[in-house]
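Novice: These protein sequence lines map, in sequence, to chains A and B.
Whatever position you read off the first sequence (first residue = 1), add 2 for the working numbering.
Whatever position you read off the second sequence (first residue = 1), add 450 for the working numbering.
Warning: the hint list may mix true and false statements.
[As the list claims (entries may be wrong)] Listed below are several chain A residues computed to face chain B (Cβ distance under 8 Å; list not exhaustive):
#1 46
#2 50
#3 109
#4 111
#5 112
#6 115
In case anyone wonders, no lab produced these hints; they're calculated from the structure.
All residues carry an ideal CB built from backbone N, CA and C; glycine is no exception.
Chain residues, written in single-letter form:
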Amino acid sequence: MKNNIDIEIIIPGNTRHLRLVGRVGQQVVQELDCSEEAKEELSSQLVTVLTEGLVNAIKYAGCTAPDGQIHVRITLAEKNLVVRIYDTGAGFDLDAIPDPCFSPCGMEDKGRGIFILRSLMDRVTYTCSKEGNVLEMIKELP
Amino acid sequence: MEVTTEQNEGVTVLCVREDRLDANNSEELKAELQRIFESGSKDLVVDLKEVLFIDSSGLGVFVTGYKNASTLHGTLKLANLQLQVQSMFELTRLHRVFDIFISVDDALQSYK
Chain A
3 MKNNIDIEII IPGNTRHLRL VGRVGQQVVQ ELDCSEEAKE ELSSQLVTVL TEGLVNAIKY
63 AGCTAPDGQI HVRITLAEKN LVVRIYDTGA GFDLDAIPDP CFSPCGMEDK GRGIFILRSL
123 MDRVTYTCSK EGNVLEMIKE LP
Chain B
451 MEVTTEQNEG VTVLCVREDR LDANNSEELK AELQRIFESG SKDLVVDLKE VLFIDSSGLG
511 VFVTGYKNAS TLHGTLKLAN LQLQVQSMFE LTRLHRVFDI FISVDDALQS YK
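In isolation and in its complexed conformation, chain A is listed as follows (with noise of 0.2 Å):
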C-alpha cells in the first residue's frame, strides 16, 4: 500500500448521504496495492458495510434528531482496514440482535444488517458511553 489512510466524514443523520459515503470508501480501497479483482470485492464489500452500519445508527441506534450528525471514520492501514461510525443515539446492544430466520415461513422484512456486517467483516463491536456510541469493524487484509 502506498500510504496509510485516515478519513473522516460527517454526515446528517438521514438516508440521502448513503451513496456519497459508499463513493468514499470505494476511492479509498483504491489506494491498496493488491489485483483489480481483491479491490472489486473488497470495495463492494466496503460499500455494503458502510451503508448498513450508517443506516443502522440512524434508524436503530435512535439518532434521527434533526441535529443528529454521523460521524464515520474509514482507516486503511498496512494490515487491516477499519470502519468506525460514530453516532449520538441512545444505542442498542448488539449481543442481543440474534442471526435473522432462513426459513421461509418465518423469515422478516428485517433484521439482517447486522447479520450482514458480522459476515463480511471479520470482527464487529458496538460500544456505548455518556459521549456516545461506536460501531467498529475491522476487515483483515490478505
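Given the structure of chain A, go ahead and fit chain B onto it with the hints provided.
Specialist: Then chain B, alone, in the frame of chain A:
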C-alpha cells in the same frame, strides 16, 4: 424511485430503473409492489438488471413482496441479478427462497 411495468400474458414485469436499492429508496419500491398486488396482479417478475447495489432494506422489500404474493397464492420472481445483488441474496440465504432467473424471458417461460 423510477420503475417501469408491463404485462406479459397475465404476468406483471416490473423493471427497477435505479442503480441502488437501499434504505433511501426501498420504501418507494415497497409501496409500488403493494400497489401492483392491490391492483389485482398476483404474479410478478422483478427485473433487477440496472440495480448494481442492494442493502438489507432492499432485500426486506422483496421479502415483504414474497409474503404478499404468497398470501394471494401468487408469485414474486427475480431476474437479471447483478454481482453484488446476487452476493447479498446468497449471503442472507434468500437465494434459497426466491426463484431467481438469469433473464426476464426465462422467468416468464417458467409460468408456461
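Novice: Taking the hints in turn, state whether each one holds.
Specialist: Against the structure, the hints:
no. : hint : result
1   : 46   : holds, 5 Å
2   : 50   : holds, 7 Å
3   : 109  : holds, 6 Å
4   : 111  : holds, 4 Å
5   : 112  : holds, 6 Å
6   : 115  : holds, 4 Å
Violated hints for the displayed structure: none, as all numbered hints are satisfied.
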